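There are 2 protein chains.
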Amino acid sequence: MINKLENSLFICILIAFTLLNSAIAIPLGEKIAGSGNNKGATACSGCHAANGSGLGAAGFPRLAGINAIYLANQLNAFRNGSRDNAIMAPIAKALSAEDIKAVTEYYSGLKSASSAITDPNVSLSNGANVVLRGSWADRKLPACEQCHGPGGSGVGAHFPALAGQHASYIKTQIANWRSGKRKNDPNNLMKTIADKLNKDEIEAAANYYASLDPLKAGLATAKQTANLKIKNVSSSTAQSMYFTPPAYNTYPQGPLGDSIRNGEAIFTLTNSHVTSKAYVGNHQQCVNCHLDAGRLANAAPMWASWPAYPAYRKKNNKINDITMRIQGCFTYSMNAQASKVGKAPDANSIAIMDLKAYIYWLSSGTPAGETKMAGRGYPKFAEPKLGFSPKRGKAVYQKNCALCHGRNGQGTLLNGVTQFPPLWGKHAYNWGAGMHNVNKAAFFIKANMPPGLPNSLSDQDAWDVSAYINSQERPQDPHHKGNEQETKKKYHHGKYDYYGKQK
Amino acid sequence: MINKLENSLFICILIAFTLLNSAIAIPLGEKIAGSGNNKGATACSGCHAANGSGLGAAGFPRLAGINAIYLANQLNAFRNGSRDNAIMAPIAKALSAEDIKAVTEYYSGLKSASSAITDPNVSLSNGANVVLRGSWADRKLPACEQCHGPGGSGVGAHFPALAGQHASYIKTQIANWRSGKRKNDPNNLMKTIADKLNKDEIEAAANYYASLDPLKAGLATAKQTANLKIKNVSSSTAQSMYFTPPAYNTYPQGPLGDSIRNGEAIFTLTNSHVTSKAYVGNHQQCVNCHLDAGRLANAAPMWASWPAYPAYRKKNNKINDITMRIQGCFTYSMNAQASKVGKAPDANSIAIMDLKAYIYWLSSGTPAGETKMAGRGYPKFAEPKLGFSPKRGKAVYQKNCALCHGRNGQGTLLNGVTQFPPLWGKHAYNWGAGMHNVNKAAFFIKANMPPGLPNSLSDQDAWDVSAYINSQERPQDPHHKGNEQETKKKYHHGKYDYYGKQK
Numbered sequence: 006m007i008n009k010l011e012n013s014l015f016i017c018i019l020i021a022f023t024l025l026n027s028a029i030a031i032p033l034g035e036k037i038a039g040s041g042n043n044k045g046a047t048a049c050s051g052c053h054a055a056n057g058s059g060l061g062a063a064g065f066p067r068l069a070g071i072n073a074i075y076l077a078n079q080l081n082a083f084r085n086g087s088r089d090n091a092i093m094a095p096i097a098k099a100l101s102a103e104d105i106k107a108v109t110e111y112y113s114g115l116k117s118a119s120s121a122i123t124d125p126n127v128s129l130s131n132g133a134n135v136v137l138r139g140s141w142a143d144r145k146l147p148a149c150e151q152c153h154g155p156g157g158s159g160v161g162a163h164f165p166a167l168a169g170q171h172a173s174y175i176k177t178q179i180a181n182w183r184s185g186k187r188k189n190d191p192n193n194l195m196k197t198i199a200d201k202l203n204k205d206e207i208e209a210a211a212n213y214y215a216s217l218d219p220l221k222a223g224l225a226t227a228k229q230t231a232n233l234k235i236k237n238v239s240s241s242t243a244q245s246m247y248f249t250p251p252a253y254n255t256y257p258q259g260p261l262g263d264s265i266r267n268g269e270a271i272f273t274l275t276n277s278h279v280t281s282k283a284y285v286g287n288h289q290q291c292v293n294c295h296l297d298a299g300r301l302a303n304a305a306p307m308w309a310s311w312p313a314y315p316a317y318r319k320k321n322n323k324i325n326d327i328t329m330r331i332q333g334c335f336t337y338s339m340n341a342q343a344s345k346v347g348k349a350p351d352a353n354s355i356a357i358m359d360l361k362a363y364i365y366w367l368s369s370g371t372p373a374g375e376t377k378m379a380g381r382g383y384p385k386f387a388e389p390k391l392g393f394s395p396k397r398g399k400a401v402y403q404k405n406c407a408l409c410h411g412r413n414g415q416g417t418l419l420n421g422v423t424q425f426p427p428l429w430g431k432h433a434y435n436w437g438a439g440m441h442n443v444n445k446a447a448f449f450i451k452a453n454m455p456p457g458l459p460n461s462l463s464d465q466d467a468w469d470v471s472a473y474i475n476s477q478e479r480p481q482d483p484h485h486k487g488n489e490q491e492t493k494k495k496y497h498h499g500k501y502d503y504y505g506k507q508k
Numbered sequence: 006m007i008n009k010l011e012n013s014l015f016i017c018i019l020i021a022f023t024l025l026n027s028a029i030a031i032p033l034g035e036k037i038a039g040s041g042n043n044k045g046a047t048a049c050s051g052c053h054a055a056n057g058s059g060l061g062a063a064g065f066p067r068l069a070g071i072n073a074i075y076l077a078n079q080l081n082a083f084r085n086g087s088r089d090n091a092i093m094a095p096i097a098k099a100l101s102a103e104d105i106k107a108v109t110e111y112y113s114g115l116k117s118a119s120s121a122i123t124d125p126n127v128s129l130s131n132g133a134n135v136v137l138r139g140s141w142a143d144r145k146l147p148a149c150e151q152c153h154g155p156g157g158s159g160v161g162a163h164f165p166a167l168a169g170q171h172a173s174y175i176k177t178q179i180a181n182w183r184s185g186k187r188k189n190d191p192n193n194l195m196k197t198i199a200d201k202l203n204k205d206e207i208e209a210a211a212n213y214y215a216s217l218d219p220l221k222a223g224l225a226t227a228k229q230t231a232n233l234k235i236k237n238v239s240s241s242t243a244q245s246m247y248f249t250p251p252a253y254n255t256y257p258q259g260p261l262g263d264s265i266r267n268g269e270a271i272f273t274l275t276n277s278h279v280t281s282k283a284y285v286g287n288h289q290q291c292v293n294c295h296l297d298a299g300r301l302a303n304a305a306p307m308w309a310s311w312p313a314y315p316a317y318r319k320k321n322n323k324i325n326d327i328t329m330r331i332q333g334c335f336t337y338s339m340n341a342q343a344s345k346v347g348k349a350p351d352a353n354s355i356a357i358m359d360l361k362a363y364i365y366w367l368s369s370g371t372p373a374g375e376t377k378m379a380g381r382g383y384p385k386f387a388e389p390k391l392g393f394s395p396k397r398g399k400a401v402y403q404k405n406c407a408l409c410h411g412r413n414g415q416g417t418l419l420n421g422v423t424q425f426p427p428l429w430g431k432h433a434y435n436w437g438a439g440m441h442n443v444n445k446a447a448f449f450i451k452a453n454m455p456p457g458l459p460n461s462l463s464d465q466d467a468w469d470v471s472a473y474i475n476s477q478e479r480p481q482d483p484h485h486k487g488n489e490q491e492t493k494k495k496y497h498h499g500k501y502d503y504y505g506k507q508k
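So the sequences go chain by chain: A and B. Final position of the first sequence in this note's numbering is 508; the numbers increase by one with none missing. Final position of the second sequence in this note's numbering is 508; the numbers increase by one with none missing.
No lab work stands behind these hints: they were computed from the structure. These figures come from a predicted structure and were not determined experimentally. Some hints could be false.
Identical copies look the same in the list; a pair holds intra-copy or inter-copy alike.
Computed list of lysine to aspartate or glutamate pairs in EDC-like fashion (alpha-carbon distance at most 16 angstroms, straight line) [claimed, not checked]:
1) Lys-377 <-> Asp-200
2) Lys-404 <-> Asp-190
3) Lys-36 <-> Glu-110
4) Lys-319 <-> Asp-263
5) Lys-201 <-> Glu-35
6) Lys-323 <-> Asp-263
7) Lys-385 <-> Asp-200
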């Protein structure tokens with residue numbers, strides 16, 4: 006009786022356990038991570054830790070919180086050899102497509118703290134300099150966060166999060182880009198960047214990223230980002246043939262210094278900064294046309310504008326001071342008509358005043374009245390013999406630009422902060438902006454795009470891709486008073502202007 | 006019968022003639038001018054011509070239209086020997102006080118054309134340069150018209166009209182000031198000026214004045230004055246230790262040049278210029294504090310301000326750009342509250358834009374961010390041991406300043422154009438202007454007043470006269486909101502401030 010009872014009980018428990026087990030079955034991704042797939046892929050957690058935080062001492066990367074598609078791309082790269090790695094190659098090959106999807110989504114969803122440590126002998130300030138500023142002036146080296154996002158958040162499937170990543174891993178990867186052992190970067194971007202970095206910069210940047218909290222990355226509000234302090238950082242090397250603005254960390258003390266700093270924050274975060282966002286009707290920022298916070302020669306540097314105003318401008322047929330010039334940027338490039346306030350900031354507004362304080366400071370030492378500073382605006386070059394073609398330009402765009410600006414030109418916004426600016430559509434510059442002219446945009450693109458690879462496009466490609474971008478629809482020209490043909494006749498009769506001809 | 010009849014007729018005619026003669030009796034002044042006084046004074050017209058236009062070939066001056074008191078003063082000077090003249094001395098001595106009054110009023114009222122001729126070998130442009138510009142920078146030489154009025158109109162009893170005066174006479178007088186043969190100038194002013202002029206300048210200025218139409222002098226409207234063109238004039242010699250602004254005649258071509266020129270006119274004619282007068286509530290002009298059209302070192306030159314803005318100002322506790330700084334001048338120094346518009350011009354107004362274009366051009370080549378240009382502002386010096394006393398200052402004022410600014414500080418307005426600015430009273434700068442501070446005004450006065458005689462007052466006199474001027478009543482501080490004690494407490498607690506303590 007008792008045995009029968011025991012047997013029945015045992016069977017019941019067995020059934021219950023089986024039922025329970027099936028109810029709380031471990032998902033495939035977690036299973037592979039914890040135990041492998043029994044088909045040759047060993048448990049990921051063996052090297053990358055159960056919480057996905059990796060193992061810095063051995064150079065095993067943190068996987069937690071990394072974009073799943075990016076991780077999947079890496080497994081495929083191990084499979085096809087574009088990442089040459091003896092450990093990962095057989096594991097990746099042993100994973101099915103379903104396995105890869107499951108395990109990468111699993112790791113992407115983990116929200117663990119970082120286990121990375123930083124070398125106390127390495128200057129985090131120097132790291133911040135590389136990560137937040139880069140060194141555009143002398144080497145066309147964009148800041149790391151230009152692509153990897155604020156606080157190392159990562160951006161989309163192409164630019165992995167680096168916050169809390171192990172310094173050892175970052176350093177190895179840079180070495181691998183340089184040596185060609187790793188070559189799965191889109192458009193050769195990381196190879197180019199890695200080649201530009203020196204040993205100290207690599208060490209400093211890797212340690213700086215390792216020091217960042219991955220749970221806070223990307224959550225930085227505009228204000229937090231604006232308040233990032235970089236102290237005791239050496240200035241970027243001078244641009245030999247161009248004017249050198251004051252070094253990043255040399256703001257004056259006192260109220261003027263505060264105004265300058267705020268102006269710089271407005272300049273780089275225009276559509277999300279508390280002082281300026283009410284005047285911005287799209288996802289554009291000053292820095293999108295004036296690279297490196299308005300410092301970079303041949304990228305419309307602000308220090309070349311300050312000494313050249315007041316000046317007469319055909320655009321509005323009057324004398325413009327720098328205030329009106331800046332207001333023009335808000336009106337057209339930042340489409341103020343669609344903003345909360347509905348127009349550019351007033352001349353005496355804090356936004357204008359702080360932007361001017363910043364530009365003034367950047368221009369320290371420039372001689373008043375100098376209208377031809379070397380590096381002003383974008384370098385002009387002749388229209389190619391074949392002219393320009395949106396159709397040809399589309400291919401150039403999808404190959405070189407879509408990675409950041411999106412296949413539909415929509416750009417990328419992270420927590421309300423523009424990471425990559427839209428190039429057309431309702432969040433782009435409007436039809437009154439200078440950039441809508443095919444020639445002007447071609448000049449900008451050729452000299453500056455993609456970041457880190459200036460002058461890499463042929464003249465023809467630059468004109469064609471500019472034509473493709475500028476033949477797309479964008480917000481109405483504020484000059485428009487209801488009749489498009491009239492507006493076209495009055496303001497858009499140039500041959501480099503698609504207004505009224507756009508799709 | 007016929008004889009009797011003839012006699013009666015003769016008597017009748019005699020009576021009629023006598024009656025007629027007494028009815029149209031020649032006034033005393035005209036009589037002396039035409040026939041002398043029969044007491045030793047010969048007819049003035051013998052040398053000075055019947056219409057008072059003088060005789061250039063003989064060096065006899067034009068008298069027509071010259072201020073009567075000035076002329077009387079000269080006759081008295083011939084009498085007492087402070088004008089050493091062998092021909093005029095006995096004539097002047099032969100005239101009674103009544104004769105002098107009559108004849109000088111007669112000549113003063115004549116409106117004849119000029120008979121002066123100009124030497125075709127002398128450059129009138131160079132003359133214009135001396136007369137309209139002077140040479141403040143290198144020799145503290147004020148423009149002649151600074152005292153003699155627009156177009157050589159003459160100003161009051163002290164500064165005779167020079168339009169249409171014979172060049173030979175002007176040259177002789179300058180020679181006489183230099184030699185001491187003539188010494189009836191108030192405060193040694195003309196002796197000082199004459200000593201500073203070189204031979205070419207004397208020749209050019211004398212011929213320039215000879216060329217001017219006396220019937221149009223002083224009638225120049227602000228606009229006409231503003232449009233005076235000086236061409237092909239060499240620039241004033243550089244101020245060796247100070248920044249040298251562009252030469253007067255080197256405006257750029259095109260709309261910017263037009264804006265600069267208009268800005269200069271606004272700067273020098275602020276309260277009468279069509280572009281700016283609606284914003285000016287008193288009789289002040291920019292040039293009254295910023296001498297030589299804003300060019301002069303140690304007289305708050307504009308080229309030292311341009312590179313120093315934006316800047317933090319305690320006065321309003323915020324960052325000010327050059328626009329706000331200029332607006333402050335309108336608000337306080339030009340008392341905009343009492344103007345037609347009632348406030349300073351807007352940031353984007355033509356008045357502000359053209360003033361900025363002018364200041365920008367004056368500042369050509371100054372390095373942005375330079376806040377300590379040599380010659381900026383007014384040179385500071387310590388308060389004297391005796392402090393400052395309005396009572397002592399009154400005597401200094403009446404001796405040195407009243408000549409131009411008036412015994413009651415009222416200044417001089419000619420046809421609506423300020424010749425000498427008021428220093429107190431309802432047309433003076435208000436209680437919010439920087440100049441109302443005893444120390445600041447002392448600094449200005451010491452370095453710049455009287456024109457042509459900088460640093461001629463002792464430190465003590467400069468402080469005392471400043472105290473006298475600034476202890477007088479003037480328009481209310483625009484900060485005032487109804488309670489003078491409150492305004493005083495908040496804005497006027499400094500020891501150099503008579504606000505609330507004025508008479």
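>> Checking an output row: Lys-323 and Asp-263, CA cutoff 16 angstroms. Within, between, both or neither?
In response: This pair counts as between: shortest inter-copy Cα distance 11 angstroms, intra-copy 33 angstroms.
> Which holds for Lys-385 with Asp-200 at a C-alpha limit of 16 angstroms: within a copy, between copies, both or neither?
Replying inline: neither (28 angstroms within a copy, 58 angstroms between copies)
>> As a check of your reading, is Lys-36 near Glu-110 (CA-CA no more than 16 angstroms) within one copy, between copies, both or neither?
In response: Answer is within: at 12 angstroms inside a copy they meet the 16 angstroms cutoff, but 118 angstroms across does not.
>> Reference check for the pair Lys-377 and Asp-200, CA-CA at most 16 angstroms: within, between, both, or neither?
In response: Neither: 33 angstroms inside a copy, 44 angstroms across copies.
> Can you tell me if Lys-319 and Asp-263 fall within 16 angstroms by alpha carbon in one copy, between copies, both or neither?
Replying inline: between (35 angstroms within a copy, 15 angstroms between copies)
> 16 angstroms Cα cut-off: does Lys-201 pair with Glu-35 within a copy, between copies, both or neither?
Replying inline: neither (39 angstroms within a copy, 97 angstroms between copies)
>> For Lys-404 and Asp-190, with the copy left unspecified, which applies at a CA distance of at most 16 angstroms: within, between, both, or neither?
In response: Answer is within: at 13 angstroms inside a copy they meet the 16 angstroms cutoff, but 86 angstroms across does not.
In terms of the numbered hints stated before, the structure departs from hints 1, 5 and 7, listed from lowest to highest.
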